[in-house]
Amino acid sequence: MARAIAHDEQGRLLPQAGHGDSDIHDHGHDDHGGEHPTSTGLNNVKVLMWTFIASECLLFGSLISTYLAVEGRTIPNTPGPELFDIPYTSVSAFVLLFSSLSMVLALAGLQAGDQRQLRIWLFVTAALGLVFLGGQYYEFSTFYFEEFWLDKNFLGSSFFLLTGFHGAHVTVGVIWLLALWLYSLRYGIAPEKSLLVEISGLYWHFVDVVWIVIFAVVYLIPYSRIEGGGH
Amino acid sequence: MATTTQAPPRVLRRPVEAPSGLWSWLTTVDHKRIGVLYGVSSFLFFLAGGIDALLIRLQLGKPMNELFSPDHYNGFVTMHATTMIFMALMPMSVAFFNYIVPLQIGARDVAFPRLNAFSFWVFLLGGLIMSSSYLVDAIPNQGWYGYAPLTIREYSPGLNVDFWIVGLQILGVATIAGAINFFVTIINMRAPGMSLMRMPLFCWMTLITTVLILLAFPVFTIALTELLFDRHFGTTFFDSTRGADPLLWQHLFWIFGHPEVYILIMPAFGIISEIIPVFSRKPLFGYAAMVLASMAIAFLGFGVWAHHMFTTGAGPVAYTFFALSTMLIAVPTGVKIFNWLGTLYGGSINLRPPMLFAVGFIGTFVIGGLSGVMHGTVPVDWQQSDSYWIVAHIHYVLFGGTMFALFAGIHYWWPKFTGTMLNDKLGQATFWTMLVAFHVTFFPMHFLGTAGMPRRMSIYPTGTGWDFWNLVATVGAFALAASVWLFVMNAFISLRRGEPAGNDPWDGATLEWAIASPPPVYNFARIPTVSSRDPLWVEKRSEETAVELGFAPRRAVAVVADPVEARVHMPNPSFWPLVAAVGLSMIFAGFLMPWYLGAFPLITLLGIPVLMVGITSWSFEPAG
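Sequence order for the protein chains is A and B. Just so you know, we're using my numbering here: the first sequence kicks off at 1 and counts up by one. Just so you know, we're using my numbering here: the second sequence kicks off at 1 and counts up by one.
Bound-form chain B, shown alone (with noise of 0.2 Å):
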């Protein structure tokens, strides 16, 4: 037909070298640099709920303590609560989602590198909207969990609430745009040979991730566009004064709250699930088990979400359904912490930092399991509830759990991500500050909760009997931060002049290693084929074997073949995937904003032309 006649394409020109320079940041697709943009954002972000988490045990260091207004400090506390999860573990997850999965499953890129682009500022501008609360004094100031109705205009009248909404609001539209990129990713560009279970376990819990996402981030973007509607537009869904269900916001909030647990939680139990075989030098024990008990858990995650709700007074037979299903949870959670036992069993264990931070995972996981597994109990629950025995299994899941594991993670694919070792003595330390401070600031809290210290409150009167142990929980608290400055001196120390690590430090099991440290644009000069599920594994044993035998050993996973050669042919950089992102973010933004059109804020109107001219110079640039 008439494509002669196309005007020539906008595109930024394909960059020849190795790119560098802002503008080479700004315009990456390529799935390693956008996975480094998700780790350092996601660091600086843990580093800002880490200053808050400091500022709530400062405030609860001693009783009648006027340090901080109830007000700040409830902003601290959602403040602490939203960026942790929204703003550092999540997307630090997803950086590992980024550098490791292609390169795990043999791929050169994710399936639709510049959607990744995007999702990565969509992310990074939510979680800047957000922050930018605290320059205008405007800190959400609800809770993380933004209870209606109280989070209505009538009762929370500030831009806090709001401020609140547009940042999960645009941060929601990453996840799922990420979640959609990723699930296609792992289900179609999976090398030659590597079946699905043949892939590795981190992989399986990226693909478990991404549906539990799908599945469950849709609800939390009809809650907070409800309530946005509400603040807004004058609807009365959460208004209770008019009729409306006070529950209703409850339900749509947990059954989105709950999974989100496990979304916090897969891609940890994925990243233990890669460092325990190879610092045991053995398989992985039970790996179809893993499997099936992670979808299991997945699948009872969507049933459970009541459980957050047993002081509503829904009735002995929700409290039965929703107390069963809980319990039942623990049956797959406990077969992988059982298959991980079975791994470390007879294996020739390395304690390097890695295995360290992955066995000291198991050790404080299972002990916030356990605390779940005792509220899950109604009676029990009834006694615990908005108590800091929540606050305190909370923290062993998620930090004791998911940030053990995303340490871990660290310090396991750092050789990979910079080409340079951590050091060891650091990484030692780093781990025994931090299981040392974890225990001492959180295993308190369970006193506490029993003792019966209400969470969220700012000021506690003397007399009660809380005073030395919330002592103790902030002198822990800061030794945590200690422990996190410890890392952060031995990233720049390793940065500047660590050893060198070569392709492979670990002798690993997965295709990463296989490659350069830190790999090449292109990933794979060719793209490997696999047979098996340890594929490094099985070709170095055979290899050495055929080297004993005397045969000319063969390589599957060739390096070193020159691209041009090999014809790999990369996408093209893009800065519109930006330009989408800052017109997507334009529309939330304009709820913020003092400026309307008739009922419709301004930027928001503005932002839809900018999304437009996005989506529309994405979709006619060539991307090969």
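Just chain A, with the same shape it has in the complex (with noise of 0.2 Å):
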């Protein structure tokens, strides 16, 4: 029993995500208590992620093709692509992508034993997510008090639909990456526990990838249907 008790101990650090829920195997020898020896030599939570990112592809892929397959078929006199500011949605594009880069930096600053490096970057991280969302916020009550709203026509209802779904999954990754900063400020996070910020920036690139898509499909190619480009 004497290695439950060590477990309870560094189980302390989130222990879902250290050795994943799946701490039930005995393999005798094994006394570190720490990683636990699986069939691919992967950690359980990261294949999870993976597998849970292979399944999101899906859910953002159904959403852009409903998307593909009315865009196009914009009805006359109705807004449209033609609102979009390329500009202006650049820069929380190119915002979104740097935090990709700080979130790296967070996870090279905790495995180098850095504390400090690790709760900079996480909050720069998640301030990043914010600015976005705050530039989503924006960009949506702009198109809102110019008649281009998800109840308008079908082009709306499926950019809102997309974009606002994009915009749920930054939501949730700030608010997993502010738990993560709150809680290395508290507790610290110890180097070995690395997979905790490791998972979370899986998930945080993956939504960052995907907003690449959506800008160009959704933003870039109707935008350059149209004649002189707009505003």
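In case anyone wonders, no lab produced these hints; they're calculated from the structure. Predicted model only: the values in this text are computed from it and were never measured. One should not assume that every hint holds.
Label pairs and their computed distance ranges (CB to CB) [as the list claims (entries may be wrong)]:
(1) A:Y144 / B:M64: 52 to 58 Å
(2) A:I175 / B:V475: 55 to 61 Å
(3) A:T171 / B:F302: 28 to 34 Å
(4) B:A482 / A:T171: 51 to 57 Å
(5) A:I175 / B:Y596: 50 to 56 Å
(6) B:R153 / A:T78: 18 to 24 Å
(7) B:G313 / A:A179: 37 to 43 Å
(8) B:R281 / A:I212: 54 to 60 Å
Ideal Cβ positions, reconstructed from N, Cα and C, are used throughout, including at glycine.
Assembly of the complex is requested from the two constituent chains, each provided in isolation within its own frame, with the hints serving as guidance.
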């Protein structure tokens, strides 16, 4: 039973991500209480995250397909892509992309044992996510006042469901990062628990990558069709 | 760092003895108990869906029957299909995933026991919410395929469609969460030596099913979300009067819907591939071909969806492509059938009830497969589309296929689940009644279909020539119910005074038969090391050889070691999965309630903090 107690002590740092829910193998000699061997050598939680991301691809893929199915069939005299402000959205896309860099720096800081670097970059990442969300809020409200909204036409329906669904993912990511940041301020995160940050990073990078696709497919392609480039 | 300053974690005490009582079931994270929960609840839903079927057959028993209103009849048709597919067949397969997969791969539990509990509670709540539509007389009545624009608010104003959307969204979350869990379990939790190509076929089929779920269900989730938004937030995804494409729903639905058919049949293939070798006393013929054929079926399954839409006018190019891809699937399916026959060939066949169901499966499934290829042919499909032929086909593959295999699995693994045997005579009676009743019910539907009887028709006129075969089908349906009743009796008799089964009543080949029935909480006192595809057979045979040669037998799968001595460390029970499941269900169920806060349903808003509390507490409690 001594091992179980040792686990509780180590387990205090978010045990579910440390060695997964799956801390149930004995493997006799394995007494260090850290990572347990898995069939592939990959941590369970990491495989879970990749599997989840694979499934998420199909969620976003279906939304993007819906958008593509209706895109180009705009009804005359209803608002559409001519409202897109490409320079504005490019800046917020850049903000989101830069947050992937800060995420990498946070993980690198943790792995180097530098708690200060971890905290700074975690906070920067979350803050950049918040800036992106603020930008999306501003963009949505602009569109709303220009009569482009989800109940106006099907282009609006698919645009706002897709970008809104992505915004919800960014929101979840920001909450996750802020929770990690608060946790690291209060308790610190041990370098051998870097998986905690790595998993949230996987999610965060995925959400960023999806935005690149959305930006290209939803903003740039329809916009390029408009003669004279809009505004 | 500052770990010592952390507040003491909130956690339920780890049970010392074998736990019992309602509380222990509500907080269990044991894959075997969750398997039992899945099995029992899905069987109850199976009975509910069966009652729907009997009501349908009562209505169709004679022409001009006015027993039920067309509205209620439509409800029974929709709920029969929805219940059977999403609340009976799939979760019953998941019950086997839960109970059997960790045992077969030599693991102590699934990769994420609490996520597993969460999946079950979400499934149960989703099923109950869907079924509660009966209580408020708002049974979903639009068909299980929910074709939009018929289902947008303008044409389906009641709560009926909302119950269907909300129920399926919740069930979908359970399914995806479960699939992720079993994918990781099979990829990562195999015992030493159990390479992928040494896995029992059932684990392979589970793995392929999880991949299908992970890639197909998200599409359905999005389609349902779009429909939900159309009905509640004024979007126009499916409103063809406002320019939407009326076929968008059909595409999204069938891109999910056809792989769904394979999600239903793959676990059945797995069960059959376990039973036939054991009861033929021969290793499975063509193991690698079986695995590759299943992968081919799964892959091709994503490229055939438009064969459900041959009457939509898609044009010759699309027709040709989808007809060819549909027929192509018959090739790997045929490979599987011949491998089962190859296993049977020359085997010493033991016709106990599991084997009877398995052999019955092969016969009925081949009939269903052949009628499937027939309406994969476009001109034939134009004749058969929306006729009773289709009803015959779907029941040959889903009842004659999946359900026969699930009954085979129940009879096969029952001794492992309960520690007692099912009565052999009653099992034989169940099988023969079911087989005969099945064909009496569903074979005449081929005749009805070719005679022009449309499906989903609540009242048919006299003088159509359909009366006789409809009456036969109705009689058959009640005989089917009798066969299910025989099984239920058998189950109760076995639980009360069944013969003790022992560890290995069938001379099984796989690891689950090496341990006690029912297995101890920790499954394996020592994790076994695997060196072949049929580890237990190899071990038993080499043991016998050792005795013959006068050596001391040495078993690799030890079951006697004291678990404390072996330092087995099992996860704590937890009620946070249940809390999270309630929160998640509230988020969706809010759309069924009349209370709103601005544009948002009140219960939905209340569900978000409940879900967050559940997930947060779950994250911070020690798992081990």
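Comparing the hints with the structure gives:
1. The given range of 52 to 58 Å is respected by Y144 of chain A and M64 of chain B, whose C-beta atoms sit roughly 56 Å from each other.
2. For I175 of chain A and V475 of chain B, the hinted distance range of 55 to 61 Å is satisfied, since their beta carbons lie about 59 Å from each other.
3. A beta carbon spacing of about 31 Å between T171 of chain A and F302 of chain B agrees with the range 28 to 34 Å that was offered as a hint.
4. Under the hint 51 to 57 Å, the C-beta atoms of A482 of chain B and T171 of chain A, about 55 Å apart, fit the expected range.
5. In this structure, I175 of chain A and Y596 of chain B break the distance hint of 50 to 56 Å, their C-beta atoms being roughly 25 Å apart.
6. Distance hint check for R153 of chain B and T78 of chain A: the Cβ-Cβ separation is about 21 Å, which falls inside the suggested range of 18 to 24 Å.
7. Taking 37 to 43 Å as the suggested C-beta distance range, the pair G313 of chain B and A179 of chain A does not conform, at roughly 52 Å.
8. Taken as a hint, the range 54 to 60 Å holds for the pair R281 of chain B and I212 of chain A, whose Cβ atoms sit roughly 58 Å apart.
When the structure is compared with the earlier hints, violations turn up for hints 5, 7 and for no others.
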